[in-house]
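S.K.: Using the sequences and the accompanying hints, generate a full structural model.
Residues in the sequence shown are numbered consecutively from 1, following this note's numbering.
One should not assume that every hint holds.
Claimed, not checked - Lysine to aspartate or glutamate pairs mimicking EDC-like chemistry, simulated, CA-CA at most 16 Å apart:
1. K173 with E99
2. K30 with E53
3. K139 with D165
4. K177 with D31
What the hints assert, rightly or not - Pairwise CB distance ranges, derived in the manner of DEER restraints:
5. P127 with Q71: 32 to 40 Å
6. R12 with L154: 39 to 47 Å
7. E80 with R158: 28 to 36 Å
8. R158 with Q71: 38 to 46 Å
9. Q85 with L111: 20 to 28 Å
10. E14 with W160: 28 to 36 Å
11. P76 with D96: 20 to 28 Å
12. E148 with E15: 26 to 34 Å
13. V108 with C83: 20 to 28 Å
14. W160 with T86: 19 to 27 Å
Calculated from the structure, these hints are not laboratory results.
From the three backbone atoms N, C-alpha and C, an ideal C-beta is built for every residue, glycine too.
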Amino acid sequence: MRVTVFGGAMPRPEEAVYQAAMMLGQLLAKDGHTVLTGGYSGTMEAVSRGAAEAGGHVIGVTCAEIERWRQEAANPWVKEEWCIQTLQERLITLIDRCEAALALPGGVGTLLEVCMMWNRLIIKAIPPRPLILIGPGWKTTLQSFLDEQGQYVLEADRRWLTFVDTNEEAAAKLHRKLIL
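M.R.: In structure tokens, the structure reads:
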């Protein structure tokens, strides 16, 4: 199965968050999943590296707009690169071409990815699939949003978000959701 992993571009190999993302890639590959990431640095690189080193297949969905903005090529652990022209198309590709998505901590781009996928699930633009958010930051961030703007979000639409604290919990939850 194809699993998209969203996450920030800033973590470096010496950082604990990078190492944790690498471990997530290993867990996914060991479970037989193909991993899709944005294909560049940070947690995208770490997940790609972990999956590749564990023998998994890694697809990097890269983007010409990003490469014009920041001179960066796909990370060396990407085995198959899908070069998309625009950021919008890249986002839709990462969402539409997966059967599940996991979100590691990240910045504005990662928040956009989570919200776009959540909204596409709500409006039934894509078939139901797991959207698992890893780390306490997601629960805090989205709970704050719901506390302030919750009257605009139906209770039924909140069911699309699954919060977990660790990568191991995410892998276990993903496994359970897929066999149900």
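S.K.: If a hint holds in the structure, say so; if it doesn't, say that too.
M.R.: Against the structure, the hints come out as follows:
no., hint, in the structure
1, K173 with E99, "holds (14 Å)"
2, K30 with E53, "holds (10 Å)"
3, K139 with D165, "holds (9 Å)"
4, K177 with D31, "holds (14 Å)"
5, P127 with Q71: 32 to 40 Å, "holds (37 Å)"
6, R12 with L154: 39 to 47 Å, "holds (40 Å)"
7, E80 with R158: 28 to 36 Å, "holds (35 Å)"
8, R158 with Q71: 38 to 46 Å, "holds (40 Å)"
9, Q85 with L111: 20 to 28 Å, "holds (23 Å)"
10, E14 with W160: 28 to 36 Å, "holds (35 Å)"
11, P76 with D96: 20 to 28 Å, "holds (26 Å)"
12, E148 with E15: 26 to 34 Å, "holds (31 Å)"
13, V108 with C83: 20 to 28 Å, "holds (22 Å)"
14, W160 with T86: 19 to 27 Å, "holds (25 Å)"
Of the numbered hints listed earlier, not one is contradicted by the structure.
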